[in-house]
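**Student:** Go ahead and model the full structure; you've got the sequences and the hints to work with.
Just add 1084 to the spot in the sequence shown (first one is 1) and you have the working numbering.
Mixed in with the good hints, there may be bad ones.
Claimed, not checked - Think about it this way: if two alpha-carbon atoms lie no more than 30 Å apart in a straight line, the pair counts; the simulated DSS-like pairs of lysine-lysine are: (1) Lys1341 / Lys1276; (2) Lys1095 / Lys1131; (3) Lys1115 / Lys1131; (4) Lys1309 / Lys1341; (5) Lys1276 / Lys1131; (6) Lys1131 / Lys1152; (7) Lys1309 / Lys1095; (8) Lys1341 / Lys1131; (9) Lys1276 / Lys1309; (10) Lys1095 / Lys1341.
What the hints assert, rightly or not - Quick list of the computed label-pair ranges, beta carbon to beta carbon: (11) Arg1333 / Phe1288: 18 to 26 Å; (12) Glu1292 / Ser1160: 25 to 33 Å; (13) Ser1379 / Gly1220: 24 to 32 Å; (14) Gly1190 / Gly1274: 35 to 43 Å; (15) Thr1295 / Trp1239: 21 to 29 Å; (16) Asn1286 / Gly1106: 35 to 43 Å; (17) Arg1378 / Asp1275: 35 to 43 Å; (18) Arg1333 / Asp1278: 16 to 24 Å.
In short, the hints are calculated from the structure, not lab data. Owing to the predicted nature of the structure, the values given are computational and were not obtained by experimental measurement. Even glycine gets a Cβ: it sits at the ideal position worked out from N, Cα and C.
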Amino acid sequence: MRIPDAAPGAKILAFGHYQPAGIVTNDDLAKTIDTTDEWIQSRVGIKERRVAGPTESLEDMATQAGGKALAASGLSADDVDLVIVATCTLESQIPNASAVVAHRLGIQSPGAFDVNAACAGFCYALGAASAAVRGGAARNVLVIGAEKLSQWLDWSDRSTAVIFADGAGAAVVGPSDVPRIGPVVWGSSGDKSDAIIVDDRNTFLRQEGQTVFRWATTALHPVAKEACERAGVDPSELSAFVPHQANLRIIEAIARKIGADDAVIARDIVTAGNTSAASVPLALSRMIERGEVRSGGLALLLGFGAGLTYAGQVIEIP
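**Tutor:** The structure is reproduced here in structure tokens:
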């Protein structure tokens, strides 16, 4: 059997991102719930977060980010034959976001599916996109992480309202003569599935913060190290470490344990909040935009969250 158009490797051609205009500061939250700027910053590291307007949908944000990534890649809509959207906050489960976004961007008849691995979603989707390109199932893939968490929050609940936010990040994946996206290392801890949960559409997101914190700070650095090992990269070679922007203390704890001493550490959570599946591409896209990382450098991506799920891979920065 011959696999048509298979590529020996896959690479990211470009990133793009979108953040809604609405900014909610810690002082804004302190007006309605029992909290302070100092309390929030000391526990999760957030100063402010972005929140979409009432008429701004998840698909709107995904389209904006995806369009920017596509433009930056130098490809046209006709060049894309697969669209994957990672999200856990669709208002309606049908239709899927990927088909809607593809249509809005003028991408004709692509494969289109959504991935729900919560905060690990983008890394899962990137792994699937890389495999599709290398296996010949797709030539170029648009991968988007997008969330509108604000519509799933009880804004009187201090444990969640201070953390989560809205936004989108995207990447275009294409063929490469050598692998420039490392093997994905993914897995789950279903025994902790009730640590982050939405019971049904009539309820809000809730989480057991201490359970998640202990799990993230003890179980995930081996996953990060394995992603480096499978890519044949020593952590000292990394230019950037871009973990899910869950909590600044979690980010810094994992960074210390993997030994990536020369890497720029993504700390997008400070001004963007926790945007779940959007956080990894959003953070790296903003780092590229600010000139904090160089093209051709190696970045370790690490997503983790509800499920509990986790996934990570090393990529070459476009």
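**Student:** Hint by hint, note whether the structure agrees.
**Tutor:** A quick look at each hint next to the structure:
The suggested pairing of lysine 1341 with lysine 1276 holds, with an alpha-carbon distance near 23 Å, which does not exceed 30 Å. At roughly 34 Å between alpha-carbon atoms, lysine 1095 and lysine 1131 are farther apart than 30 Å, so this suggested pair is violated. A hinted pair counts as satisfied when its Cα atoms are at most 30 Å apart, and lysine 1115 with lysine 1131 qualifies at roughly 15 Å. A distance of roughly 9 Å separates the Cα atoms of lysine 1309 and lysine 1341; the hinted pair therefore holds under the 30 Å criterion.
For the proposed pair lysine 1276 and lysine 1131, the alpha carbon gap of about 29 Å is at most 30 Å, so the pair holds. Our distance criterion of 30 Å between C-alpha atoms is met by lysine 1131 and lysine 1152, whose separation comes to about 26 Å. For the proposed pair lysine 1309 and lysine 1095, the alpha carbon gap of about 21 Å is at most 30 Å, so the pair holds. For the given pair, lysine 1341 sits about 25 Å from lysine 1131 by alpha-carbon distance, which is consistent with the 30 Å threshold.
Note on lysine 1276 and lysine 1309: the hinted pairing holds, with a Cα-Cα distance of about 22 Å set against a maximum of 30 Å. Taking the CA atoms of lysine 1095 and lysine 1341, the gap is about 27 Å. The hint holds against a cut of 30 Å. Against the hinted window of 18 to 26 Å, the Cβ-Cβ separation of arginine 1333 and phenylalanine 1288 comes to about 24 Å, which satisfies the hint. Glutamate 1292 and serine 1160 have their C-beta atoms about 46 Å apart, which leaves the hinted 25 to 33 Å range violated.
Distance hint check: the CB atoms of serine 1379 and glycine 1220 are about 27 Å apart, consistent with the given range 24 to 32 Å. Remark: the range hint 35 to 43 Å for glycine 1190 to glycine 1274 is upheld by a beta-carbon distance near 39 Å. Taken as a hint, the range 21 to 29 Å holds for the pair threonine 1295 and tryptophan 1239, whose Cβ atoms sit roughly 23 Å apart. Look at asparagine 1286 against glycine 1106: about 25 Å separates their beta carbons, and that is not inside 35 to 43 Å.
In this structure the hint that arginine 1378 and aspartate 1275 lie 35 to 43 Å apart at CB holds, the actual value being about 41 Å. Between arginine 1333 and aspartate 1278 the C-beta distance comes to about 23 Å, which sits within the given range of 16 to 24 Å.
Going through the hint list in order, the structure does not satisfy hints 2, 12, 16.
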